[in-house]
Every structure is written in structure tokens, then in C-alpha cells.
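Position chain Y against the provided structure of chain R, taking the given hints into account.
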Amino acid sequence: AQKITQTQPGMFVQEKEAVTLDCTYDTSDPSYGLFWYKQPSSGEMIFLIYQGSYDQQNATEGRYSLNFQKARKSANLVISASQLGDSAMYFCAMREGHGAGSYQLTFGKGTKLSVIP
Amino acid sequence: EAQVTQNPRYLITVTGKKLTVTCSQNMNHEYMSWYRQDPGLGLRQIYYSMNVEVTDKGDVPEGYKVSRKEKRNFPLILESPSPNQTSLYFCASKRGDQPQHFGDGTRLSIL
Numbered sequence: 016a017q018k019i020t021q022t023q024p025g026m027f028v029q030e031k032e033a034v035t036l037d038c039t040y041d042t043s044d045p046s047y048g049l050f051w052y053k054q055p056s057s058g059e060m061i062f063l064i065y066q067g068s069y070d071q072q073n074a075t076e077g078r079y080s081l082n083f084q085k086a087r088k089s090a091n092l093v094i095s096a097s098q099l100g101d102s103a104m105y106f107c108a109m110r111e112g113h114g115a116g117s118y119q120l121t122f123g124k125g126t127k128l129s130v131i132p
Numbered sequence: 351e352a353q354v355t356q357n358p359r360y361l362i363t364v365t366g367k368k369l370t371v372t373c374s375q376n377m378n379h380e381y382m383s384w385y386r387q388d389p390g391l392g393l394r395q396i397y398y399s400m401n402v403e404v405t406d407k408g409d410v411p412e413g414y415k416v417s418r419k420e421k422r423n424f425p426l427i428l429e430s431p432s433p434n435q436t437s438l439y440f441c442a443s444k445r446g447d448q449p450q451h452f453g454d455g456t457r458l459s460i461l
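The listed protein sequences correspond, in order, to chains R and Y. The numbering of the first sequence is the working numbering, which starts it at 16 and goes up by one. The numbering of the second sequence is the working numbering, which starts it at 351 and goes up by one.
Derived from the structure by calculation, the hints contain no laboratory data. Glycine is no exception: its CB is placed at the ideal position from the N, C-alpha and C atoms. Be aware that a few hints might be false.
Here are some of the chain Y residues that sit facing chain R, going by a computed Cβ distance under 8 Å [unchecked claim]:
hint, residue
1, Gly390
2, Tyr398
3, Gln450
4, Phe452
5, Gly455
Taking beta-carbon pairs under 8 Å as the criterion, some of the chain Y residues facing chain R (in silico) [to be verified]:
hint, residue
6, Leu391
7, Gly392
8, Leu393
9, Gln395
10, Leu438
11, Phe440
12, Asp447
13, Pro449
14, Asp454
With the rest of the complex left out, here is chain R (with noise of 0.2 Å):
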């Protein structure tokens, strides 16, 4: 089974709308954590935001909020008032564990974002 699963290969959302950009993951290890990157086409991988598996409070980064349903195993991520800037492919990624050995990321596949003006 995929660990990390991203069902939306493309997405399009109106310039200041919000968007949710949908993840779910599995895994059996109560410690782990989540992670978001942006990948703009010039290529770079951008950290956007990360949900660890004890936080009370879902994460919030500026216009990036993590949506963690910790029961469903989804972890969702919403833009706010979306930009032209804001068109890139986005990553979920997962580390599974704490401290040493934990240092494995697993990628879903991604989801392409396209703001239309």
C-alpha cells in the first residue's frame, strides 16, 4: 500500500479563492510527522509546512493551514486567497518515527496547481 497518496494529479482554483489540495497517509507508527513542499517550475523544493502526529492544533503557516484529521489519516492542505505565484506541483510527504532512524521522507506523487487569473 502507498504511504502517502495525493488522489488530485491537477488542480485549478480562481485567483483569491481558497483551495484544498487533499493527502492521505498510512502508517502504523504512532510518531511521525508531515510535511508540504512547493515546487515551482523553476524546479526548487520549498518547505512549506509541517503537522506532527502529537500536535493539538492543526499547523498554520501564513496563508498555508494543514487540515489534520488524525482518524481519517488525512492531512490536507488549504491555501488562502490564492495567488498567480501559487501555480507549482505540491508534495506530501511523511517521516515516520522520532529521533534517530526517523530520517526517511516518503513522497506522494504530487498535485499540480494552476491559478487562473
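Using the frame of chain R, we list chain Y on its own:
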């Protein structure tokens, strides 16, 4: 400025000609890793290193070698490149549970 630096950024080469992609980080991170990115497959880990002289295979290690003689450097070696290794490669580093910092990527084309 904290960064992960990969070189070269772009390379076109031929089958069988050994090549090395260098990766260097200036953040004193103990963990470094190499990924390849292919369309529709996301990023897949090739090798990782938890510290100097400690390396281990990721999900797709075949055809690659790495070394970690110094903390800051983690080169990726393709001893005999083949066309199926044409890809976009990323080096990353981190400390502890912090997010990984990625380099800007190296686009390799093997003809």
C-alpha cells in the same frame, strides 16, 4: 546563507561515462539524502546518510553509489550511467526532526 548546493545543475552525457554530482551543505546537518524525481512518480529516495561514514540504501539505490567522508559533502556517483537514470536529482539535508532543506536540483540526461 544556509543552503544546500548541488553541482552541476544540468548535465547531458552518454551511456557508460562515469559522473559525480556533488552536494554540499553549510548547516552542519548530520543527515543528508539523495532523491530522484520522475514524472508521475514523485520523489524517490536513492541513498541517505545519518552521519559521517554512515550511509544506507533508500528505495531506488540500483546504479548509484554515495560516500560521506565529511559532514558537509555527500556526492552521488553514477559509475556507468544508463538512459533510465535520466531524471531530476535532489540532495537534501536536515538535523533531527526538522524539515529537510533541498538543493536546487540537478537535471541529468543520459543519451
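Going down the list of hints, with the structure as the test:
1. Gly390: At about 6 Å, which falls below the 8 Å cut-off, the nearest Cβ of chain R leaves the hint on Gly390 of chain Y intact, so it holds.
2. Tyr398: holds, 6 Å
3. Gln450: This interface hint holds because 6 Å falls under the 8 Å limit.
4. Phe452: The hint holds - Phe452 of chain Y has a Cβ within 8 Å of chain R, the shortest such distance being about 4 Å.
5. Gly455: With a closest approach of 5 Å, the Gly455 of chain Y hint holds.
6. Leu391: With a closest approach of 6 Å, the Leu391 of chain Y hint holds.
7. Gly392: Because about 4 Å separates Gly392 of chain Y from the closest Cβ in chain R, which is inside the 8 Å limit, the hint holds.
8. Leu393: holds, 4 Å
9. Gln395: Gln395 of chain Y check passes; min Cβ-Cβ to chain R is 6 Å, inside 8 Å.
10. Leu438: At 7 Å from the nearest chain R Cβ, Leu438 of chain Y passes the 8 Å test, so the hint holds.
11. Phe440: Holds, because the Cβ-Cβ distance from Phe440 of chain Y to chain R comes to roughly 6 Å (cut-off 8 Å).
12. Asp447: At about 6 Å, which falls below the 8 Å cut-off, the nearest Cβ of chain R leaves the hint on Asp447 of chain Y intact, so it holds.
13. Pro449: holds, 5 Å
14. Asp454: holds, 5 Å
Violated hints are absent here; each numbered hint is respected by the structure.
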